[in-house]
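First to last, the sequence lines map onto chains V, B and U. One point on numbering: in the UniProt record's numbering, the residue at position 200 of the first sequence is 200, and numbering is uninterrupted. One point on numbering: in the UniProt record's numbering, the residue at position 261 of the second sequence is 261, and numbering is uninterrupted. One point on numbering: in the UniProt record's numbering, the residue at position 226 of the third sequence is 226, and numbering is uninterrupted.
Each hint should be verified, as a subset may be incorrect.
Covered, in the sense of this in silico footprint (three residues per stretch, anywhere, with C-beta under 8 Å from a C-beta of chain B), are these stretches of chain U [as the list claims (entries may be wrong)]: (1) 233-247; (2) 286-298.
Here are some of the chain U residues that sit facing chain V, going by a computed Cβ distance under 10 Å [stated by the list, open to error]: (3) Asp35; (4) Leu187; (5) Leu190; (6) Ala193; (7) Ile194; (8) Arg199; (9) Ala200; (10) Ser201; (11) Ala202; (12) Leu203; (13) Ser204; (14) Gly205; (15) Gly263; (16) Val320.
In case anyone wonders, no lab produced these hints; they're calculated from the structure. The beta carbon of each residue, even a glycine, is placed where N, CA and C say it ideally should be.
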Amino acid sequence: MVLSIRSLTKSFPGTRALDAVDFDLAAGEVHALLGENGAGKSTLIKCLTGAYRRDGGEMVLDGQHIDPRSTVEAQDLGIGTVYQEVNLLPNLTVAQNLIFGREPRRFGLIDAATTRRAAREMLARYGLKIDVDRDLGSYSVAIQQIIAIARAVALSGKVLILDEPTASLDAREVEMVFDVVRGLRADGLGIVFVSHFLDQVFDLSDRVTVLRNGRKIVTAATADLSRVALIEHMLGRELEDEVETQSAEEPDADRPAFLRFEGYGRSGVVAPFDLGIAQGEVVGLAGLLGSGRTETAEMIFGVRPAQTGSARDMDGPLKLSSPAAAIAEGFGFAPEDRKTDGIVADLSIRENIILALQARRGWARPIGRAEQNRLAEDYIRRLDIRTTSREKPVGELSGGNQQKVVLARWLAMNPRFLILDEPTRGIDVGAHAEILRLIHELTEAGMAVMVISSEIDELVAVADRVIVLRDRSHVAELTGPRVTGDEIMRAIASEATDRRGQVPA
Amino acid sequence: MKFTTFLSGAAILAASATASFAEGEVVGFAQIGSESGWRAAETTLTRNQAEERGYQLQFSDAQQRQENQIAAIRSFIAQGVDAILLAPVVATGWDSVLEEAQEAEIPVVLLDRQVDSADELYLTAVGSNLVHEGEVAGEWLVGEVGDRDCRIVELQGTTGSSPAIDRKTGFENAIQGHDNLEIVRSQTGDFTRAQGKEVMESFLQAENGGADICALYAHNDDMAVGAIQAIKEAGLAPGEDILIVSIDGVPDIFQAMADGEANATVELTPNMAGPAFDALEAYWADGTAPEKFIQTESKLYTQVDDPAGEYEARKDLGY
Amino acid sequence: MSLLGRIAPQLIALAALVALVSFFFPGFLSISYHDGRLVGPVIDVLKRGAPVALLAIGMTLVIATRGIDLSVGTVMAICGAVAASAIAGGLGVGPALLLALGAGALAGLWNGVLVAVVGIQPFVATLILMTMGRGIAQLITEGRILTFTDAGFAFFGSGMMLGLPVPAWMWLIAGLGTALLMRLSALGLLIEAIGINRRASALSGVNATVLLIAVYVASGLCAALAGIVVTADIRGADANNAGLWLELDAILAVVIGGNSLLGGRFSVTASLLGAMIIQTIDTGVLLAGFPPEYNLVIKAGLVLIILVLQSPRIAAEWRVWRETQRAPPPDRTRTEGGA
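Construct the complete structure from the given sequences, taking the supplied hints into account.
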């Protein structure tokens, strides 16, 4: 074993994040670490990388007891980490990022030629032939992620921790990163892999350890576990259905549209489209990254307002010139990137939940504290937001709970039309199912919902109708029985065959 | 904009060069800027003096930048002026441009500040003696209090500046040997009215509400004006309960003296041009070389010197 | 967090400073009463701290939005010049005040539009007015100290009300009013939200553009009040020196108040305490009678000590140290209160 953890314990005020957890990592294996939000994965990794100091237990790396006090110390010991958000400097060149902190010097000056050569050699190992003099930020997230891996491996070399490295990648990019990871496994590196995507876990990992509520539940060879068994371990309860069944009742195509967009578009962003949305309907948007899904949502919500066409409801035209205007029309929008566009990290759960409501009321009519507390407690309970207190800063919550807070913010507004951009990205299986169930409940109550997702199964499960986009225009509309994975795939793929080899933007 | 008017001025001058010699001398004045009222008054008086003597004055405002001053001097040289007045913004870096003036045989007179260049590079320097100013102020106070014990508070100029150091030295020289006079508190008021007031308030607090203070010596009039307000607000009578002596001779201190709220000021005359022009006239007439330093008079004004009249004479000079 | 808990570090720092100053100048806390007014070093602190305290109010709001306003010292000079020239021109106290406040609001509007609409970084946007504005003030005063004798206007600098100097009332009322406005309305929350995440706030319907402009206007108004105080105090507008470097003291006050320069959570009250801490140092240095060469060194040293003691890292280290000092390791049930 390259790494052996025994009885690792870590407490925070009010919670025991890790309770006597054991974890082993062999050289040349990919060991997946799974668990719901709050299970203790992040805490374990932070203890390992020196971000937290453990309360008890021991960590042995290559026969040596270790106690890293900082990520730098952990790195020097041989433990490197790559996070979901690329943790490099986008405005430096690829070479500078790779060599940063240990630049070769000649006559006291940084030796650019040697830097460049060293960088190219490092990347050659990963089969990556790119211009190392270009700014890192000019490459796709996948390539940045590989560069981050290359840097982490070069710095540490024994253990590589991948903390949701694929969360912001599309399928092809994931495969690219996985090839790199497999190569490193073959080279004898011990790799800890944290992911919410079970498919990826089965695809990549040799062994799985499941944590729940700070305890280790099981460690097993991946091949010995069924998908259902794995999910059961993670949730600790019998899952009724892994994914909610297709909303069985047949939506009648003539349901009257209560929102209608005609010739709605913005040049260079989304080609004009017609769209009617009925009450209680779930409209899914499918397409590859960059096909115009998010852009459609942002245009409808007034972030980048439409230049052509009209939007109207049964009473007349709608004014959607800004988010505030769209909100006034009863719209809500939970954006894809929760951290930068959704949550206000340093504000409490309570304040995040009431933010949109307060903005609509205006600054001069504050929501009373008792009412705020009531709203917050109400949604914490209804959406099962896991927290010790409603006053906890949202930034300290796990991804799934942050998403629930953003949803709560909109539910508190009681919108008639809610747009959810990748509502389940980066959150665990349990929260995933809860959010899909919630969408169902909302539409039962008459709300119209637009769901953007890159998970086709999710769209099939939740949507009454799916719009397929490519190249920034709406190219297909699937309704009723045609809302199937195959149909959606075909509609998207018709593009992929046209333009094979082109990396989606 | 300034530069273009300057150029067109130069062109006109060049065209009428012979005529201007007949009319009167052309003098270029490279002024620092207009950062203080005193400097504005210096500019006004220089213009007035030139006008009285029938000179043509080429004026350049360098806005506190040496490169502007050097450019102005080069342009004066190109115009072939008869003399250059320079109020140098800094002490160093003048050698080459002064050499150029010397080669063109144009005498340069420094006004109110000195340079580090060799003294053969300029005709003379006109200025006041800062130490002497402090001495005049101190001597007045020594005479005024006689044998009484006198606890003095001092408002210094900006810490480390040469006026602050020299005016302090001069004052201390003057009261040396008079054991009844003692500086009990000394703080910087940064030459500003607001700081003068604030620091005076703390002096009053620290010295028994001001009852233990006999006199205030301020390194400039502005600080004294601020201090006078502080003294009044503390319920004391400035000029009577606490004697006030300061340096510079700006209009507001004459106003205060006329109101009986200040006792004496030592004038730092803004008329540097007068002595400069006197020296230049002698030089032009028969090549008489003046002394290398012409010290202006540090004249003492008190309440008996018609402060109201002095105020009227000064209030429009641009202070 | 309760207000008292939030401002405890500042209160402790202030108390320690007062003790220190009292050691060098024993009469520091003595206050006497005559002619209907309170007199004493503490009263001087309340009065002399007014300009920085007023600036700190606006600066706190600007910094909460993740901005900074470098122009406030210059805006003080402009507003003072406007007020003085209005008084000297015979316009009377009311119009002079309104014109000065108008000039401050206009300056704030300029900054706010550059930041919120044009999208220039606050540091750069306000630097423009900082460098340019003093020239404007000099144009108004024609380069000299523009003096006036109007006792009505001088009241705002050296007048007394209910025993306290008017400038002290001004910052107390402006500060208390702002703090209450922020917490009784939703402004505080909305400002914090755009300071932490402007984009997420805008997507939630918060009108970030208008709010941003508003905080810069508020800062301009605070600078106008500060300019009125210093101008009225010396009965003259000194365009060269009024408010010089005070923007830095104001930023320092906000920082000593424990507010993050990265925006977000803010406390106006804590910033005001920060301003009083700075003024206590300034006044203490003057009273203690050290040679003036030491003024800035002493001030820098004390500020450094206060900031170091307040830093979260030191606080964390202190907690760790305290826990390791406790002989039997702490029980599972955590009992100790917050530090």
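Status of each hint after checking the structure:
no. : hint    : result
1   : 233-247 : holds (count 8)
2   : 286-298 : holds (count 7)
3   : Asp35   : violated, 43 Å
4   : Leu187  : holds, 5 Å
5   : Leu190  : holds, 6 Å
6   : Ala193  : holds, 5 Å
7   : Ile194  : holds, 9 Å
8   : Arg199  : holds, 6 Å
9   : Ala200  : holds, 5 Å
10  : Ser201  : holds, 6 Å
11  : Ala202  : holds, 6 Å
12  : Leu203  : holds, 5 Å
13  : Ser204  : holds, 4 Å
14  : Gly205  : holds, 4 Å
15  : Gly263  : holds, 9 Å
16  : Val320  : holds, 9 Å
Checked against the numbered hints listed earlier, the structure breaks hint 3 alone; every other hint is satisfied.
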